[in-house]
Amino acid sequence: MLGEFEYLLITAAAGLGDGAYGVSIREEIEKTTGRTCSLGALYTTIERLEKKGLLKTWMGDATAERGGRAKRLVRVTAKGVQEAKTFYEAVMRISRRAAWVTD
Amino acid sequence: MNSLPQSLLALSARLLESDEREAVLGDLAEVGHGAWRSAGEVLGLVMRRQVLLWTGWRPWLAALGVALPGTLLLMGASLSISCTYERLTRGQMFGACAPTGHEGPLLLACHIALLLIWAWTSGFVVGAVSRATLWVSVAVCLSPCLYCLSKFHESSVSAACLYLFLPPAILGARQGLRMIRIRPGVALAVAGLATALMVCAWGNGALFSLNWALIFPAWFIALLAWSPANGERA
Numbered sequence: 085m086l087g088e089f090e091y092l093l094i095t096a097a098a099g100l101g102d103g104a105y106g107v108s109i110r111e112e113i114e115k116t117t118g119r120t121c122s123l124g125a126l127y128t129t130i131e132r133l134e135k136k137g138l139l140k141t142w143m144g145d146a147t148a149e150r151g152g153r154a155k156r157l158v159r160v161t162a163k164g165v166q167e168a169k170t171f172y173e174a175v176m177r178i179s180r181r182a183a184w185v186t187d
Numbered sequence: 517m518n519s520l521p522q523s524l525l526a527l528s529a530r531l532l533e534s535d536e537r538e539a540v541l542g543d544l545a546e547v548g549h550g551a552w553r554s555a556g557e558v559l560g561l562v563m564r565r566q567v568l569l570w571t572g573w574r575p576w577l578a579a580l581g582v583a584l585p586g587t588l589l590l591m592g593a594s595l596s597i598s599c600t601y602e603r604l605t606r607g608q609m610f611g612a613c614a615p616t617g618h619e620g621p622l623l624l625a626c627h628i629a630l631l632l633i634w635a636w637t638s639g640f641v642v643g644a645v646s647r648a649t650l651w652v653s654v655a656v657c658l659s660p661c662l663y664c665l666s667k668f669h670e671s672s673v674s675a676a677c678l679y680l681f682l683p684p685a686i687l688g689a690r691q692g693l694r695m696i697r698i699r700p701g702v703a704l705a706v707a708g709l710a711t712a713l714m715v716c717a718w719g720n721g722a723l724f725s726l727n728w729a730l731i732f733p734a735w736f737i738a739l740l741a742w743s744p745a746n747g748e749r750a
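Respectively, the protein sequence lines represent chains H and L.
Just so we're aligned: the first sequence equals residues 85 to 187 in the working numbering.
Just so we're aligned: the second sequence equals residues 517 to 750 in the working numbering.
Only chain H is shown next, with the shape it has when bound in the complex (with noise of 0.2 Å):
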């Protein structure tokens, strides 16, 4: 089972599709949970997810705004779609009864 944060990058790289990178999925994500979201456990869950296979990552064309660096685009994959639904459906499982929703 994914773990919170692994859920929220997959979502946020997801939603973003082929825009999906570093950058994208950092302002995702912070826009939407309003936590910082450091570039060490970005790039660290990106790697687990990578390895996992519910993530793929490469390499694109280098671009002027950032300096002549290239992004490193990101993907999930079909495992890592099924790995999200998993996940959300046991949330929205075990919430049913929780006072913040039937109320």
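It is possible that some hints are incorrect.
These stretches of chain H come out as covered by chain L in the derived footprint (C-beta under 8 Å, 3 or more residues) [unchecked claim]:
id	region
1	87–93
2	113–124
3	145–152
Everything labelled a hint here was simulated from the structure, so no lab data went into it.
Backbone N, C-alpha and C define an ideal beta-carbon position, used for all residues, glycine too.
Starting from the known structure of chain H, arrange chain L on it as the hints suggest.
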């Protein structure tokens, strides 16, 4: 790149793999954070990477399984060889090196060959098994070296005698870093030769019992050479 935070950023980024360095520095350039914050972000990533490396067995084996005990034993072997050499060539006797007291030229040659094999194989294992934490293994090796240097008071032999093992060990570590693949036959022959020499020295009472631990790297390399995962890097 001349201010302190920029230098720190450049230095810490060098500790990342090339693709990751490219992506991370690009991300930081894109968001336009200040140099201090950028340096902090990269240092945070580097520290997380280092911590994650230590969740596996490889860095522990390299630093605490081979580098530390290997250094202590190899310093003892280096000193023992030097004392024996001095005794055979100049007739000097060393009370602290009593186990070498009866060794002749043949056993000395055997000991020298063993030191070369022990040191080279230990260095190779340290370099090959955990490349990314080599700096820790080096620090772990240097600590007892410097400690013993500070405590060395034998006037009849030079303190450099403690470090005869360092050149072959450094050579082994460099080769371990560069090429993990050793032909299985060669690895087996080296391990077999070392074992035979140790049995010979042991049979003549010219080997400390603890020195048997130094055969481990040679057989580990042989095992690695025969394993299907040969070529895997850490």
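Subject >> Which numbered hints fail >> reply: 1
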